[in-house]
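Number of protein chains: 2
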Amino acid sequence: MRISGLAAATGVSVATLKYYLREGLLPPGRATSRTQASYDDTHVSRVRLVRALTESAGLSLGAVRDVLAALDDPPASRHDLLGSAHRALVAAEGGVPSEDEEWDAARHRAVELVAERGWCDDPLLVDRLAEQLRAAGAAGVDLPGDYLRSLAAAADVVAAADLTTAGPEPEAALRQVVLGTLLTDPIVLTLRRMAQVRASQEASGV
Amino acid sequence: MRISGLAAATGVSVATLKYYLREGLLPPGRATSRTQASYDDTHVSRVRLVRALTESAGLSLGAVRDVLAALDDPPASRHDLLGSAHRALVAAEGGVPSEDEEWDAARHRAVELVAERGWCDDPLLVDRLAEQLRAAGAAGVDLPGDYLRSLAAAADVVAAADLTTAGPEPEAALRQVVLGTLLTDPIVLTLRRMAQVRASQEASGV
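The listed protein sequences derive, respectively, from chains E and Z.
Residue numbers for the first sequence, in UniProt numbering: 1 to 206.
Residue numbers for the second sequence, in UniProt numbering: 1 to 206.
No lab work stands behind these hints: they were computed from the structure.
Among these hints, one or two may not hold up.
Derived DEER-like restraints, expressed as beta-carbon distance ranges [as the list claims (entries may be wrong)]:
id	chain 1	residue 1	chain 2	residue 2	range
1	Z	Gly-140	E	Gln-36	23 to 29 Å
2	Z	Arg-30	E	Gly-24	53 to 59 Å
3	E	Glu-55	Z	Asp-72	16 to 22 Å
4	E	Pro-27	Z	Pro-27	31 to 37 Å
Glycine included, C-beta positions come from ideal geometry on N, C-alpha and C.
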């Protein structure tokens with residue numbers, strides 16, 4: 001199909017498709033003349049993926065590029081594969097902690113929680129958690145230790161489920177871990193709101 | 001303190017503070033002359049809150065305005081209060097579903113999941129879940145029913161913990177539900193990644 005057909009099939013404008021092509025987010029089509037190219041179903045899937053990552057998962061185009069690079073060039077062993085999936089996720093989301101007076105206390109809490117769960121103390125993830133704890137504290141939101149332990153227990157339930165959806169085939173597993181996590185993050189948060197409404201109705205005796 | 005003092009206390013530039021004032025995100029200071037005003041600790045907390053909502057929770061300034069309006073004008077009864085907290089959350093996050101051929105199937109799955117959990121079928125939340133299921137499906141991410149049921153069970157754990165942190169005093173409870181949810185959303189997602197790393201290490205026998 002021509003670029004206008006790709007636009008029709010994906011609901012993405014021709015101008016946006018040309019932008020994806022220039023930025024390397026979409027591989028070039030097969031040239032059919034000096035000014036025209038032909039696109040196929042792999043292009044349709046790639047455009048849908050870029051849209052899902054930007055719109056649903058809310059990633060920047062730079063972050064989408066990192067995730068696509070990990071998907072397009074997966075490492076050979078399954079162990080390396082899951083490692084690089086997690087690195088791509090963490091790197092794509094970025095964020096540098098701004099250290100201040102509350103930072104040390106927040107980082108201490110993050111390290112303690114991770115040690116208590118027996119989780120790995122990847123400094124990128126621990127720093128990110130510390131920064132998020134610091135931001136909540138600065139906004140006046142109180143997060144008692146028991147509360148954080150409940151969130152951590154729920155995270156173990158989600159992660160166990162996440163792992164069962166990643167099948168044995170390495171490339172498919174990488175795709176499922178990276179995309180599955182990014183695209184189900186919003187689902188996790190919506191389910192939290194639904195469960196909150198139910199929990200507060202129960203508490204009010206409705 | 002003068003506006004330069006407020007900037008120093010919060011780490012936010014004078015230009016940004018003036019923007020918050022113009023947009024009504026920060027109440028005016030007490031006028032001390034025709035061109036100067038004096039700010040106090042309530043302004044420091046408000047600036048920190050606006051920063052946390054924009055930077056950590058990733059809300060737009062329009063969405064921050066909706067959340068602040070709910071916080072500044074809480075309804076009288078506790079039941080109305082939790083209801084308006086959830087409406088402020090859902091409205092602040094917005095999003096209109098784009099209906100297409102996969103929409104009906106996704107919405108049917110969302111309705112089924114909600115009915116199975118005995119959750120309330122608030123159409124705003126059900127539509128949002130349906131849109132997120134559709135987006136994951138369009139990107140080629142498979143979400144089996146058992147997987148969604150595990151996510152929903154984890155959401156119940158989080159929501160039960162969320163409710164225990166909201167104390168009996170209505171204004172504080174509203175603040176904790178709205179801000180607590182927005183500011184701990186990123187924490188929930190970080191914990192998920194930490195738990196995933198651990199789960200994949202266990203699966204690889206590391």
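We went through each hint and held it up to the structure:
Distance hint check: the CB atoms of Z/Gly-140 and E/Gln-36 are about 28 Å apart, consistent with the given range 23 to 29 Å. The hinted window of 53 to 59 Å between Z/Arg-30 and E/Gly-24 holds, with their beta carbons roughly 54 Å apart. Between E/Glu-55 and Z/Asp-72 the beta carbons are some 31 Å apart, a value that contradicts the proposed interval 16 to 22 Å. The hint said 31 to 37 Å for the Cβ distance between E/Pro-27 and Z/Pro-27, and at roughly 53 Å that hint is violated.
Going down the numbered hints, you'll see the structure goes against 3 and 4, while the others check out.
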